[in-house]
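Asks: Two chains, each in its own frame: build the complex with the hints.
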Amino acid sequence: MTRRRAVAALLLAGAGAVQAGPMGFKDSQMAMGDFGPRWREAWINHAFTARDALGAGGLTMRSDDDRLRREIAEVNYTRLVHRINLPHAQANAWFVMGVGGLRGNDFAGTRTLWAPGLQLDYETTRVYVAAFARLYRADGVNHDYAALRAGFSFYNVEYEQTQPWLVLEARRMRGLSEQVEWTPMLRLINKGWFVEAGANQEGDARFNVMYIF
Amino acid sequence: MKRPLTLFAAALALTAAQAATTTKLTVNGMVCAFCAQGIEKKLKAMPATEAVYVNLADKIVAVQIKDGQTLDIDKVRAEVKDAGYDVVKVETVADTVEALRAASKARP
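In the order they appear, the protein sequences are chains A and B.
Position one of the first sequence corresponds to residue 0 (numbering that gives the first Met the number 0), numbered consecutively onward.
Position one of the second sequence corresponds to residue 0 (numbering that gives the first Met the number 0), numbered consecutively onward.
So here's chain B without its partners, still in its complex pose (with noise of 0.2 Å):
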């Protein structure tokens, strides 16, 4: 009994990684519209990279990546550091990054 619901837990890890698009970071010291626009440049430069969005109340930028493409993590997270920045925390979210523009949109 205990191995099925092993194999199940894993498969639906798989299934959650495969559908993840975005990665979505947590930035300190981007306050700024200059801030995020040098970010934002950046990133999008990547040739990975299908979309970005970025926003400073939040904190977050997120990279919305394009499909069978992979993103190096590191690389984003030292382009964000060598704009000036701090990331204090990396996920990986099924979201694109309109999903996110929304759900922002969305919160009072």
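Only chain A is shown next, with the shape it has when bound in the complex (with noise of 0.2 Å):
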């Protein structure tokens, strides 16, 4: 792997964890980890309205060859900045603001990481879509990270049992790497937890899991 789609992988899998579930209800918490062949990740958030939470998270990321390594240290606040409640349905607009540190093996000390996104999505029971922006600005790092996902459940469910659905989602790291990751995974929802796992065009798995309590 290069050094570009290295750092764009990492950046990625620091993006990937906030659009998989923002915040959790009022007064709980979020736990939720990432882990593939190239990172590990876990994040936890407190939801302190129902609106806005507030988290802490870790990532530990190598390219193929081992040569390459990186590690963000990240606190960031989550805000439910509008909400649609339809009939069956809930339209979302969310904002998250990160900061922390990124450290690489290529490079000395800590650099100051700055990290706004935008997340836009549409769900019902049986269907899920959304768009997640993220910009991540450091000293010598300016990158603009997109994704989509997409999905659907095979069938309704009593909301205490296991839920599948099929998610497709397909992210982008601009002036890391060309290339649209695409990674269809199967997930199982079940009341606070979740299961995904999956794997992209180039056969590297990916397991999330997520947690509310």
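Hints were generated in silico from the structure; no laboratory data involved.
It is possible that part of the hints are untrue.
BS3-like mimics (lysine-lysine), calculated; alpha carbons at most 27 Å apart, straight line [what the hints assert, rightly or not]:
id: 1; chain 1: B; residue 1: Lys-43; chain 2: B; residue 2: Lys-88
id: 2; chain 1: A; residue 1: Lys-25; chain 2: B; residue 2: Lys-74
id: 3; chain 1: B; residue 1: Lys-58; chain 2: A; residue 2: Lys-25
Replies: Spelled out as structure tokens, the structure:
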């Protein structure tokens, strides 16, 4: 893997966690992990209102040849800017602002990272569509990230029961990789948790888990 | 003749009210398990709540009331609204939440 692609994968991993589920309900905590062969990530946030959450997370990532390593530690604020409730659907606009440190084995010290993002999504009990964009800004780092997610569930269930979904994600980091990564994933949701598993077009496996408590 | 009929109707209404144990809300925007989990947790914490049933497809939240207790409907409505969803209808029904669940499962 080239350095540019490794950095892209690193930043994509951080963004992926955000789009999978920005926050839980009021007074809840959301924990999430995103695991693949090239990165490991975990974060947690606390929803102190139904619309606001504060969180922190960490990520380690390496390139295929293990020569390039990256680490990010971030605190972030998530805000539900607007929600439209429809008879059988909801549509949301989310804002996220992350601040943290970026370290790598190809430069010395820690660079301050700013990462504002915006997500728009639409969801019914059977269909999910989301668009997410995030800017990554640090000294020597200036990248734009965009992702689209669309999925459907095979059938409705009681909400205490496990519901399977098929989700397709396309994502790209401008300025780092011109390749769009396509990842079909099977998602299982049951009340306060979900797991996702899939593989991108290069065969790299990906496993996500989230739990709200 | 009119007076006995009025009294009979009033008695029927009173009987229905006494038998009613469940408040049923129709909620717009409640489409995900995480949405339902938050609402259920808040409503279960209310002292008059016996049981809660949430059905996303039918978009209903049902709160069964403990015997001899009164549920603050405005507070229930406020909890759902505060969670980020719109309550479009509130009914009082005589069914338990288990009966509502069974009826939902029985539908094709």
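Asks: For the pair supplied as a hint, Lys-25 of chain A and Lys-74 of chain B, is the alpha-carbon distance within the 27 Å limit?
Replies: 16 Å, holds
Asks: Do the alpha carbons of Lys-43 of chain B and Lys-88 of chain B lie within 27 Å of each other, as the hint requires?
Replies: 20 Å, holds
Asks: Straight-line Cα separation of Lys-58 of chain B and Lys-25 of chain A no greater than 27 Å?
Replies: 20 Å, holds
The structure is consistent with each of the numbered hints, conforming to all of them.
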